[in-house]
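Trainee: Construct the complete structure from the given sequences, taking the supplied hints into account.
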Amino acid sequence: MKYFLYWGCSLEGSGANFLVSLRPACEALDMEFEEIEDWNCCGASVSYAGANDLAIKVLNARNLALAEAKANYDIVAPCSSCYIQMIKVNREIQEDPELLKQVNECLAEGGMNYKGTIKVRHIQDVLYNDVGLAKIKERVVKPLNGLKVAGYVGCQSVRPYGEYDSVEKPVVQDRLLEALGAEAVPFPRKIRCCGSGIFLPEIDYCSELVKDILEDAIDHGAKIVSTVCPMCAMNLEMYQSRINDKYGTDFDMPIVYLTQLMAVAFGMDPKKDAALGYNVIPPEGVLQAALGH
Amino acid sequence: MEKQVGYNPSFAQEVFENVDAGEEIKMCMNCGVCAASCPLSLHMDYPPRQIFNMIRAGKREEVLNARSIMLCTSCYTCKVRCPRQIPVIDVMHGLAHYAIKQGILTRKATANFGREFWNQIYKLGRIDEKDLSRRAFFANGFLEGIKSMLNFSDIGIKMVLHRRMKLLPEKKIKGIDSFRKMLDKAGQMGKGGARA
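Chains as they are written, first to last, in this note's numbering: chain A, 1 to 293; chain B, 1 to 196.
In case anyone wonders, no lab produced these hints; they're calculated from the structure. Fair warning: this is a prediction, and the values are worked out from it, not measured in the lab. Please note that the accuracy of each hint is not assured.
[To be verified] Calculated from the model, a selection of chain B residues having no Cβ within reach of chain A, i.e. all distances over 10 Å:
| id | residue |
| --- | --- |
| 1 | PRO9 |
| 2 | ALA36 |
| 3 | TYR46 |
| 4 | ILE146 |
| 5 | MET165 |
[Unchecked claim] Straight line, CA to CA, 20 Å or less: simulated PhoX-like cross-link-like pairs of lysine-lysine:
| id | chain 1 | residue 1 | chain 2 | residue 2 |
| --- | --- | --- | --- | --- |
| 6 | A | LYS271 | B | LYS185 |
| 7 | B | LYS171 | A | LYS101 |
| 8 | B | LYS191 | B | LYS181 |
| 9 | A | LYS101 | B | LYS185 |
| 10 | B | LYS101 | B | LYS59 |
| 11 | B | LYS158 | A | LYS271 |
| 12 | A | LYS119 | A | LYS135 |
| 13 | B | LYS166 | A | LYS272 |
| 14 | A | LYS70 | B | LYS174 |
| 15 | B | LYS174 | A | LYS101 |
| 16 | A | LYS169 | A | LYS148 |
| 17 | B | LYS158 | B | LYS147 |
| 18 | A | LYS148 | A | LYS137 |
| 19 | B | LYS147 | A | LYS246 |
Glycine included, every Cβ here is placed at the ideal spot set by N, Cα and C.
Mentor: Structure below.
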């Protein structure tokens with residue numbers, strides 16, 4: 001199974017543990033990746049402050065066109081912002097020939113063209129639907145032994161289209177966690193927003209969102225939170241000490257990417273493959289207790 | 001005599017013609033599901049449905065200066081739940097862009113963060129996270145910039161120590177010149193107008 005991997009800007013920086021763990025964990029499941037050569041940023045959530053809607057669409061159409069000119073693989077976008085920006089533009093273009101014409105008029109300025117033939121997929125989608133739970137279970141050599149995980153889905157990995165999971169009650173991440181041997185705890189706030197791209201400038205308003213999410217995870221017995229989004233991971237992990245100062249809480253909750261848990265359960269190197277050293281709140285203790293050594 | 005509410009269609013017309021997704025508000029029936037779904041609606045001066053009504057009532061200054069239009073976290077809950085299929089998020093983004101373009105910076109830090117985000121895309125083709133936060137902090141003024149840098153230095157240090165910050169400066173994408181031409185064209189053609 002070969003895919004284009006569009007990892008985006010965050011996964012080279014604040015979300016590095018996602019990309020570092022994703023490659024070995026997915027390659028162990030016979031997924032092959034090719035980079036979209038010379039890709040550009042998707043515009044993420046906040047570029048509307050500086051750009052009109054068409055310009056943001058053109059950003060994404062350029063990446064789609066670069067992929068289309070190369071091969072007919074599906075694009076896997078692990079970052080939920082990259083995913084939503086790209087799939088949104090792709091769907092709107094496919095539904096509206098007039099928009100496709102406009103976008104292509106802009107792409108033509110750089111000698112490019114997009115026909116609209118590429119499919120955009122989320123990493124959870126391909127793991128669940130292309131690889132499948134059976135194959136993932138087969139690959140597990142160190143099952144997570146009922147480790148209580150809160151599977152934090154966030155927003156943009158399922159909304160608004162619900163291509164592969166429910167937009168109100170998503171289950172795919174929980175099924176994937178269970179395939180690794182974990183217990184996915186009930187977690188009503190799993191689809192509530194963490195503040196995403198405006199967390200930093202609106203930290204006074206957004207820290208309460210994160211506090212509520214972490215409290216909900218703890219109230220349901222979670223020892224660790226898994227996520228599939230670099231904004232979720234950043235906001236939930238990096239600002240915990242700030243939130244403790246502000247609300248008098250004592251959060252010390254490890255926040256890991258789903259792919260980090262995959263690498264651990266697949267028996268891979270905890271440092272090199274699971275990238276656990278990238279975490280600011282160390283997850284090793286909780287994981288070692290679950291693995292029994 | 002019954003009290004009458006003034007109705008001035010000129011601002012609605014302005015929004016339909018100049019704001020990305022602006023015409024979508026025609027479908028709004030003011031049910032308030034967007035307000036109930038929004039994670040930050042408690043901090044908004046007017047929830048989305050009220051913004052839409054104010055556009056119809058011609059309250060130009062109130063709408064363009066509203067805190068609400070700058071507080072979208074882009075979670076798409078409103079779009080998913082709207083019974084009239086209005087992409088509320090797209091309208092809010094369109095209004096934010098339009099207001100910033102008129103020089104209205106009601107949530108200055110957020111507006112500057114978004115503008116610097118776009119500037120960096122235009123300059124490099126990609127985002128350099130460390131440079132973005134620095135530029136966004138200093139866009140709020142020199143003293144504000146120093147204050148924010150000091151305030152967030154502990155997080156910055158943690159990120160460096162845990163290899164969560166790319167230390168090398170981000171390079172321009174290879175196709176930067178043609179990339180900018182495409183974006184310039186989109187700036188001219190798009191309904192929301194050129195760069196804010």
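Trainee: All hints, please: hold or fail.
Mentor: How the hints compare with the structure:
{"no.": "1", "hint": "PRO9", "verdict": "holds (24 Å)"}
{"no.": "2", "hint": "ALA36", "verdict": "holds (13 Å)"}
{"no.": "3", "hint": "TYR46", "verdict": "holds (16 Å)"}
{"no.": "4", "hint": "ILE146", "verdict": "holds (17 Å)"}
{"no.": "5", "hint": "MET165", "verdict": "violated (6 Å)"}
{"no.": "6", "hint": "LYS271(A) <-> LYS185(B)", "verdict": "violated (46 Å)"}
{"no.": "7", "hint": "LYS171(B) <-> LYS101(A)", "verdict": "violated (31 Å)"}
{"no.": "8", "hint": "LYS191(B) <-> LYS181(B)", "verdict": "holds (18 Å)"}
{"no.": "9", "hint": "LYS101(A) <-> LYS185(B)", "verdict": "holds (13 Å)"}
{"no.": "10", "hint": "LYS101(B) <-> LYS59(B)", "verdict": "holds (18 Å)"}
{"no.": "11", "hint": "LYS158(B) <-> LYS271(A)", "verdict": "holds (17 Å)"}
{"no.": "12", "hint": "LYS119(A) <-> LYS135(A)", "verdict": "violated (23 Å)"}
{"no.": "13", "hint": "LYS166(B) <-> LYS272(A)", "verdict": "holds (17 Å)"}
{"no.": "14", "hint": "LYS70(A) <-> LYS174(B)", "verdict": "holds (17 Å)"}
{"no.": "15", "hint": "LYS174(B) <-> LYS101(A)", "verdict": "violated (25 Å)"}
{"no.": "16", "hint": "LYS169(A) <-> LYS148(A)", "verdict": "holds (19 Å)"}
{"no.": "17", "hint": "LYS158(B) <-> LYS147(B)", "verdict": "holds (18 Å)"}
{"no.": "18", "hint": "LYS148(A) <-> LYS137(A)", "verdict": "holds (18 Å)"}
{"no.": "19", "hint": "LYS147(B) <-> LYS246(A)", "verdict": "holds (18 Å)"}
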